[in-house]
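Chains as they are written, first to last, in numbering that gives the first Met the number 0: chain A, 0 to 750; chain B, 0 to 62; chain C, 0 to 707.
Calculated directly from the structure, the hints in this document are not laboratory data. Just so you know, these numbers come straight off a predicted model, no measurement behind them. Beta carbons are placed, not taken as given, at the ideal position from N, Cα and C, and that holds for glycine. Accuracy of the hints is not assured; some may be wrong.
Unchecked claim - If we take Cβ atoms under 10 Å as the criterion, some of the chain A residues that face chain C in the derived model are: (1) Gly84; (2) Phe129; (3) Asn133; (4) Met135; (5) Ser140; (6) Gly144; (7) Ile149.
Claimed, not checked - Within a straight-line C-alpha distance of at most 20 Å, the following computed PhoX-like cross-link-like pairs (lysine-lysine) qualify: (8) C:Lys18 to C:Lys231; (9) A:Lys53 to C:Lys231; (10) A:Lys493 to A:Lys513; (11) A:Lys174 to A:Lys233; (12) A:Lys73 to A:Lys53; (13) C:Lys89 to A:Lys53; (14) C:Lys374 to C:Lys467; (15) C:Lys231 to C:Lys374; (16) C:Lys633 to C:Lys688; (17) C:Lys303 to A:Lys49; (18) C:Lys231 to A:Lys49; (19) A:Lys271 to A:Lys285.
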Amino acid sequence: MDLELTCDLQQPTPSSDWAYLDSQQFREKFTSPSEPFVMRFYVEGVGCSKCLAKIENLKRSYSQVVEASMDMSKNILRLKITPQGSFAQFILGLENLGYKAHPISEGQDQSKLQSLENRKMLKRIGVAAFCTGNIMLFAISSYGGVSGLIEKYFNWLSLFLAIPVLSYSATPFYKSLWLAIKDRRPSIDLPIVAALLIGFSLSAYHTFIDHGDVYFDTLTTLVFLLLSARYFLKRIQQSYLSSSFFLPFLNLDKVRIWDEALNRFEMFPLEKVQSGQRLLVLKGEKVPVDGTALITGAPAFINNAFLTGESLPVKVNAKDSVYAGAELVSAQLEIEVTATGENTRLGSLFEKMEEEVLRRTPLLTLTDKLAKWFTVTTLTMGALFFAYYATIDLTEATRRSLALVILACPCALALATPLTQSLSLLKAAKLGYVIKTAEVLEKLRHVTQIAFDKTGTLTEGRFQWISWIVREPTNEELQLIYALEANSHHPIAKAYLAKVESSNSSSLEICDWKEVHGRGVEAKYQKDRYEIHALDEDHYDKQLGNTTQVGFYKNDELQFAAAFGDQIRSDSKELISRLKKLGFNIHLLSGDSEQPVTSVAEQIKVPTKNAHAQMTPESKLEWIKSQTPKTIMVGDGANDAAALAASYLSVAVQGSMEVSLHAADIYLSKSGVTPIYHLLRLGQDTMNVVYRNLGFSLVYNLVGGVAALLGYVNPLVAAILMPISSLCVLASSVWGTKYLRRLSTLVEGER
Amino acid sequence: MSILAIMIPITLLLAGGFLALFFWAVGQGQFEDLVTPAHELLVEDELEECKLNNNLNRKHQEE
Amino acid sequence: MSNHSPGTDTVTYDDDIVKKFIFAALLFGGVAFLVGVIVALQLAYWQFNFDTSWLTFGRLRPLHTNAAIFAFAGNIVFAGIYHSTQRLLKARMFSRALSCIHFWGWQLIIVAAAISLPLGLTTGKEYAELEWPIDIAITLIWVVFAINFFGTLAKRRVQHIYVAIWFYIATIVTVAVLHIVNSLALPVSMMKSYPVFAGIQDALVQWWYGHNAVAFFLTTPFLGLMYYYLPKAVQRPVYSYRLSIIHFWALVFMYIWAGPHHLLNTALPDWAQTLGMIFSVALWAPSWGGMINGLLTLRGAWDKLRTEPVVKFFVAAVTAYGMSTFEGPLLSIKSVSSLGHYTDWIVGHVHVGTLGWNGFMAFGISYYLLPRIWKTQLYSKSMATAHFWVATVGIVLYYISMLSAGITQGLMWRNIDSAGRLVYPDFVETVTKIIPLYQVRVVGGTLFLIGFLIMIYNLFKTAQTAAKDATDETVQVAFKGLPGVEGETGHRKLEGLVTAFTVLTLIAILIGSVLEILPTLNLDKYVAPASKVHPFSPLEIAGRDIYIREGCYVCHSQMIRKMPSDVLRFGEPSTIGESMYDHPFQWGSKRTGPDLSRVGKKYPSLWHFRHMIDPRSISEHSVMPNYPWLASQKVDFYSLRKKLSVLKALGVPYSDDVLGRADVIAEEEARVIAEELKGQGVEGKIEDKDIIALIAYLQALGQKGIKE
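Isolated chain A, as found in the complex:
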């Protein structure tokens, strides 16, 4: 029943280096002054007693390690060494055992604050439990028929026991209501506080005059159960909703930071990098921070495609700004860090997204309004009913109104919907699906048609050279090919490069290099103009079937061509058929020529009339605008931006994330059809859960409310039912659906 822990050992990565843990500057930042030899680490993979035993043994084998205690509920290891000891040594040992460790800094650590809050809550709950339990003693005796002096004694005792609950345990409700009042907005705590204060005053009065019903048991039970429910919710939120999207997305772990003391670059965790530090990036790596270039020799070249969509390398001079997400094309680059994490351009993009993510969805706005409306309505009804019935039977009127006010709960509205949606969004982000807003989840339900881009979604996006057409190129031509394709990131270019690189070419001096998106590349060399682009129809070699054929043109004349094959992804066929079974209409839109497009369509069983070839970005836009069924379009973020923006829902795959998210609703860092399938299921299932909660809440409130007014619900029973209904709704959100629960394992399995 506790977290399903599993032992999850990982192969130690050969390049990881922990020496920085023992460096002065690091230690200063990541230990507290009162305990300079204690550091805490987040450790992955510790799941059972055998793991604990291994850690124990490891500790024993290092004489300078004083303590290594594992907290498996938070995955935190507390490591204490002697002044002569080394953190790095132990952590390295740990890594060799297969447990990956990440240092936690005292300042950034949220868990301490959370624990303090949790403790306060527990104390409140403890007092509420103690008092409620003892009041129940007296209350049950009352229901059992005690009377006279003993009953009076019991009522007074109940009163005194109720005071700590109402003045200490219930303070969170008073606080939240007070804040709402200051902001002049209705709050779901209003009925609760009203019930507590009115109920207590009434019961106290009855106790003094020794006549009439007392409700101390009801009130304290209400406080106890509500506090417990909220505590439970808080613990869930803490375990699920504590991470942001940025770092997991970048997928970087350690970077090279200049260490003054050691006078060299040392590996350092990215999360801990701070402004002013010097960072080294090597060829092929992504720049992890925003910074200014420190160039001393030759200029560097970076590729900003991730951010701008432009795949032409950009020259970087001294003092030029570089941004997180850029890829280094040249040999190496040293930068001075100016911004990290959420403060980078990329990071703030995410941050903005995180803010937007839960706002402004039609459903949420609606439910929010409903919740507030609901609260006001309930109180009004309670008051009206009381006014009417009091004239008939005061005691009964009090009893029923109190029962109504206590029983009514807008929990599904106020709490469950945002929780359900956040949980799904978070699940999605962890899987690499960046969803712009929660509204997307709502819209996913209404999609009936899916339009796929061919390349990279249905196909591997990886081309392989298959054969030369017409003739083979000369050595000089091979070198030209290399020079033209070197700076293009198109899949064909990459495949071409792979082919000609093996011919051992060196680059030539070309000029006026241009890439025409979706078309090809061209450049000038020694007064001739060379182009590489898709082979036109007439020269198409039909014998090579479903290949992509790319011609090499000199001064507009075809010299030779190359045929490239793009594999259809292994899951495309199956998933397309699954999607078709679910009732979706499938369309194929591609910039490629007829042949390869039709061929792919045949293989994945999309009707030929739904396969549209040679579509330019403009024609894609036209097509989308002409569609009446609600379509989700899957395409390239940069090239298909217009079409993506115009579509009912859109998914951008590859390309610049920033650009994509201007146009598209969802950015996928993984390609393929399966993510599309999961997205659709995710949306459907999430909304199913939301509706399920709303349905339950509706039934509960209607039936319960009517029953309360008709006198069938006693206030004590109401006090028990209300938190239970909250918990049911919350549990339902967390429980989700079978699919949602299995989602991460499903996706992992598919990797």
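Add chains B and C to chain A, keeping to what the hints say.
Chains B and C only, in chain A's frame:
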């Protein structure tokens, strides 16, 4: 039933004592980690082979 | 103290004390089971009372219960606590001296019980029969235990206190309070006292104690032991540690008020009965939480159930716990209680718990611990398995026979025909009917004993292979989570002592408050005249003390319930006023024989005389023992002065005149009865014999009401 005049205060005192114990436990962070202890139980301490004989064993007792 | 590396320490656990406690548990377990079989025999075949005073059922039953609870269960609990606590806290027991005092003191208490109880030196309160000097000894030894335990807690090297320790803490604290409150008495002589409470007050206190003795002596420590030994035996963590914590706190807060379920349908006010019923039923939830937690711990290790006898015992124990904690709440429902109360169903219920839960836990722990302590293997697993099956069959036979007997008898008692008459007006008919079931119970109990003997043999053979120089286990332990810990044990020693002192202070306050409140116990000012009664006369008090001495209350109740069948059979329902001066109360908890509340003046004294000497001369199929010595033992008249003055101090309204001449008055009363008997043919000098006093008492039952 006047015995209740004693029993109830005694029981309240007893329960109150347990409440105080609960508060102490919360303050000590006893409920922070409710996962590890169940596993820690199964980790056996390493036995130390004592080379001395029975009589001298007593010297090994820590105070 | 040697340090192998910083942050580690060398600890030598004191396992010698563990060994001692296990031996004691097994020794006295044997005694308890043997006496159990004997008393079972006595019910099935009255002849096994052997006409010997110190062997009669009334005197042996308390010996059996005390041996089973305090000698057997008590010692095994101590063994388990000493063993597991040291390892959970990674600290040696606080004080070797205190450990030894605890051990020897406890065994001396048991020996004192074993001698005093058959001699009839008893308070007459169930599970608290031991007289006041022994009670004081229990308190002292318990304090020793508490100091030893909390001192160890202070020395602990791990920050987290495992849930088992919490159960032990609850046990120690609560048992102390329960024992002290329920044992409050004013001594009359070295081995005689009267409880401070009377009648309904005493009933409530007694069952507040009685049920919580079950809860905090037979349940919480065993739950703690379960949470330690079960995971260890199956090498799996507790299924849900979180649940175990919640289980603990819920139990601790709820158990205290389940007591009244022993008094359902009696003169206890209805609202109090409802209270007891509701809380008892609610208790079912946390109890089953514990059971489920225990059983599910075996997830993924169920094959061990097949191969390991220890696991068999533990799993069966937890299952028995579940059964008992379901049946208990069931029996707490008023209507169910009206059928089962006073019958053998209750006896069956108790024994599933004690034999199944406590017994099997004890056996499992013994099988687990002893080989480890002796650093060897168990001699024979198949013998242990045989033990398991034999004992299980024994328990099943026991339970089924007693369940059937209880329900049969209960149904017969309440059987009223359409004309409104009892179908079985003769009580003894209902007894005869179930004798065969009593015989089955003997078989069941004997099987349990045989299984036990198999275990003893097995352990004996295991001992022979024990390591010759088996020393206390010395281990290297690591400090876990305690800030600034090396060498800084002083602060926490203080903490531990503070805790111990707090507990002691609490106890002191309790005693003090109670003594201050004593005077207010004079209820007669507040009881309405209509329900007032006369106190017993001096001779009747002498007879009453004989009634208690012989353990008559073990088979006879004095509480007629407000049920038609009870009223038809025994008379008007008992009122609170009728027992208001009874120190201790005699409502009783079992009807092996009929209720005696209104037996006064129902039969002539000769009837009683003959019935005592030989019950079968009056009722052919009676199972009651012969009490011939009552006609030859002399009454101690002189002590009546002291007795009555103590009773007066406790609030019974005796005049000074009566106090001053108590013995004379009693002798006079005795002469009257003796005359009457002589006239009817009884020979010999009987006016100074016990039997006269007893007859006086019996003739007074139900006759003390003040008629306006």
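Structure-based check of each hint:
1. With its C-beta approaching chain C no nearer than about 9 Å, Gly84 of chain A sits inside the 10 Å limit, and its interface hint holds.
2. Nearest Cβ of chain C to the Cβ of Phe129 of chain A: about 7 Å, under the 10 Å cut. The hint holds.
3. Interface hint at Asn133 of chain A: satisfied, since its Cβ lies 8 Å from the closest Cβ of chain C, which is below the 10 Å cut-off.
4. Restraint check, Met135 of chain A versus chain C: the minimum CB separation of about 8 Å is within 10 Å; hint holds.
5. This hint holds: Ser140 of chain A has a C-beta 5 Å from the nearest C-beta of chain C, less than the 10 Å allowed.
6. A hinted interface residue such as Gly144 of chain A counts as satisfied when its beta carbon comes closer than 10 Å to some beta carbon of chain C; here the least separation is about 5 Å, so the hint holds.
7. The beta carbon of Ile149 of chain A comes within 8 Å of a beta carbon in chain C, closer than 10 Å, and the hint placing it at the interface holds.
8. With a C-alpha separation of about 19 Å, the suggested pair Lys18 of chain C and Lys231 of chain C falls inside the 20 Å cut-off, and the hint holds.
9. The suggested pairing of Lys53 of chain A with Lys231 of chain C holds, with an alpha-carbon distance near 18 Å, which does not exceed 20 Å.
10. Between Lys493 of chain A and Lys513 of chain A the alpha-carbon distance is near 16 Å, which keeps this suggested pair within the 20 Å criterion.
11. For the given pair, Lys174 of chain A sits about 17 Å from Lys233 of chain A by alpha-carbon distance, which is consistent with the 20 Å threshold.
12. Distance restraint check for Lys73 of chain A and Lys53 of chain A: the Cα-Cα separation of roughly 19 Å lies within the 20 Å cut-off, and the hinted pair is therefore satisfied.
13. Of the supplied pair hints, the one linking Lys89 of chain C and Lys53 of chain A holds, its CA atoms being roughly 19 Å apart against a limit of 20 Å.
14. Of the pairs offered as hints, the one joining Lys374 of chain C and Lys467 of chain C holds, with about 9 Å between alpha carbons and a cut-off of 20 Å not exceeded.
15. About 17 Å separates the Cα atoms of Lys231 of chain C and Lys374 of chain C, which keeps this hinted pair within 20 Å; it holds.
16. In summary, the hint linking Lys633 of chain C to Lys688 of chain C is supported, as the alpha carbons are separated by about 4 Å, within the 20 Å threshold.
17. Annotation: proposed proximity of Lys303 of chain C to Lys49 of chain A holds, straight-line Cα distance about 19 Å (limit 20 Å).
18. About 14 Å separates the Cα atoms of Lys231 of chain C and Lys49 of chain A, which keeps this hinted pair within 20 Å; it holds.
19. For the hint linking Lys271 of chain A to Lys285 of chain A, the alpha-carbon distance of about 17 Å falls within 20 Å, and the restraint holds.
Violated hints are absent here; each numbered hint is respected by the structure.
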